[in-house]
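K.L.:
All chains should be built: construct the whole structure from the sequences, respecting the hints.
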Amino acid sequence: MSIIQVNHLKSFFKTEEGIVKAVDDISFELRENEILALVGESGCGKSVTAQTIMGLLKSPPAIIEGSIKYHGKELVGLSNKFYHQLRGKEIGMIFQEPMSAFDPLYTVGEQASEAVAVHSNLNKHEIKDKIIAMFNKVGISEAKQRYDEYPHQMSGGMLQRMLIALTLACDPKVLIADEPTTALDVTIQAQVLNLMRNLQKEFNTSIIFITHDLGVVAELSDRIHVMYAGKIVEKADVIELFDNPKHPYTKGLLASRLKRELKGQTLPFIEGTVPRAFEFPKGCRFHPRCPFAKEICKEQEPAPTVFNDGHVCSCWLYADNHPLDGVDR
Amino acid sequence: MIIKGTHIKKYFPIRKGVFLQTAGYVKALEQVNFELNENETLGIVGESGCGKTTLGRVITLIYSPTEGMLEYNTPENRQIVIGKKMNKHQTKLYRRDVQMIFQDPFSSLDPRMTVGDILREPLDVHQLYPNPKEKEEYIQYLLERVGLYPEYSARYPHEFSGGQRQRISIARAIALKPRAIVCDEPTSALDVSVQSQIINLLQELKDQENMAYFFISHDLDLIHHVSDRVMVMYLGSVMEEGEADEVFTHASHPYTRVLMKSIPHWDPKQRKLGNIHLEGEPPSPINPPRGCPFNTRCPDVMDICKREMPTLHKIGVNHSVACWLYNNKG
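Residue numbers (this note's numbering), protein chains in the order written: chain A, 1 to 329; chain B, 1 to 330.
Some hints could be false.
Computed footprint of chain A on chain B; a stretch qualifies when at least three of its residues, placed anywhere within it, have a C-beta under 8 Å from a C-beta of chain A [stated by the list, open to error]:
#1 158 to 169
#2 192 to 202
#3 220 to 230
#4 255 to 263
The hints are simulated quantities; they were obtained by calculation from the structure and are not laboratory data.
Note that the coordinates shown come from a computational prediction; the quantities given were computed from them, not determined experimentally.
Backbone N, C-alpha and C define an ideal beta-carbon position, used for all residues, glycine too.
P.N.:
Okay, here's the thing in structure tokens:
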């Protein structure tokens, strides 16, 4: 069953340099109890997708089209008043920088209770008990004392756990995590990823996990959607994607991984750089960097090709009448 | 040998109150020894706060060490002691020979200078290529060398992407034909698909220009890929060092082992983060624990670890570990 259904979603921004098509016609669904990873490099639109779902983009300047359905309820165009009941309670979000997600002037306890107070009718003491219980659950030692401390007294890893704790304290059905471990050290990252997996099982939350790190994705996610320049170029189950990538971009990303046995050798890489958002190329947006680019790629956008195992890839290489037919791909 | 550091210590005073009295120290580096050889990449790996960046900055004379000695072996094979006692001429020579590439390509290039200006400045300071025509030609050559078009010299940094800016930083670093470059996380601000391009370029320069790198990174896979030798640091101390393949295949220090296990594997069929049992977080460098700095988190901690700091102990031809597990005293 799908919890969130996104259809032909577009998030554009009007800027002085032109219209930025940050997210351009993407469709996907989030299923119950799964961790769905949105993967891509900077500027691919993964964070904007999250912000659009959360209703965090003001329009104007943002232009949002298409549909986002949460349990069948349309979110695009929903007023702020209704969104308030949804945010935190139904859909929670964790941000990349735990340091800047907290207000330095209030204790972490005050900030955590505030969020819970908005969405529940518990009294002060009950809320405090609940928060401390959640802090314990995410592995904060001496949670009682920590409750009355300020953000600057914590490390990044601790704040990220607290953020996860306070988000989950509201018992959301969906959690959107935007690069939650990018600012953390590897040993702490491992702890946080572990924690997220365990909590996901315990609370039956569905998670949209946004990251640029394919290693993290391999550890955590059930399904992967690869994004490039505002488009979803490939969708697959995690094992299928790593075993059998189809889109040249996905292949390039997987190939540029540092492998132990290739020490010191020249690394495979993807030519060129990610295009800027207001000058995305015509046709397939990856074509200037693609080693297989043909004439048609420069002109026309490829439609998604669906393979029998649910693997979806938008690339002319897999279109039925492609000029490369018969060539070993 | 190009640069050698002996017992390098760096403490940053914490000043408090009206009279800025020293209230304590951030102990960034404790007794670090290292040697950087000709045409060699020495990889420094560790988590934030382990002192790797401080060490890089001590080497490039951005910081002066609190204690210890840095020696530089000039191309003429003369040893000079680096530090405050160097005369102006020596300092200048040293700075020419040891360059730096910074982590953030967005803040390490002056936004008001064109790429040409950025590359011209070091040449002017060191009076290389006094002939203007030759100088311009050299700048064009530099740009081509790092994979940019020569026409770019008239443009400003904001017109470039992160990867291109990092190429400009590399061009600036190699402009003076240095013998060694300190690379402080040169790719961590870049996209995955661009990171390999920069690594390839650095490797190529190493092979063709006989460069030595002091390569700082938190990324173990990257460190393994580029390094000839590695040093693993934790809270200002070297925990393990040795030949790169040796350290990576026979990681011996409990910290190194945990670090290796913490890297996410790119294989969804072999998920293993669930097996990690490293609790807690690094202690503060203001109040480091007594004895071994890792004793608060170490799975194999013993009594002696809490009392005495282990010294680096040879466990192989090219492999040393600072851990009581490998020291007879333990």
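K.L.:
For every hint, state whether the structure bears it out.
P.N.:
Now for the hints, and whether the structure bears them out:
1. 158 to 169: Coverage by chain A holds here, the residue count being 4 at a Cβ distance below 8 Å.
2. 192 to 202: holds (count 8)
3. 220 to 230: holds (count 6)
4. 255 to 263: holds (count 5)
In terms of the numbered hints stated before, the structure departs from none.
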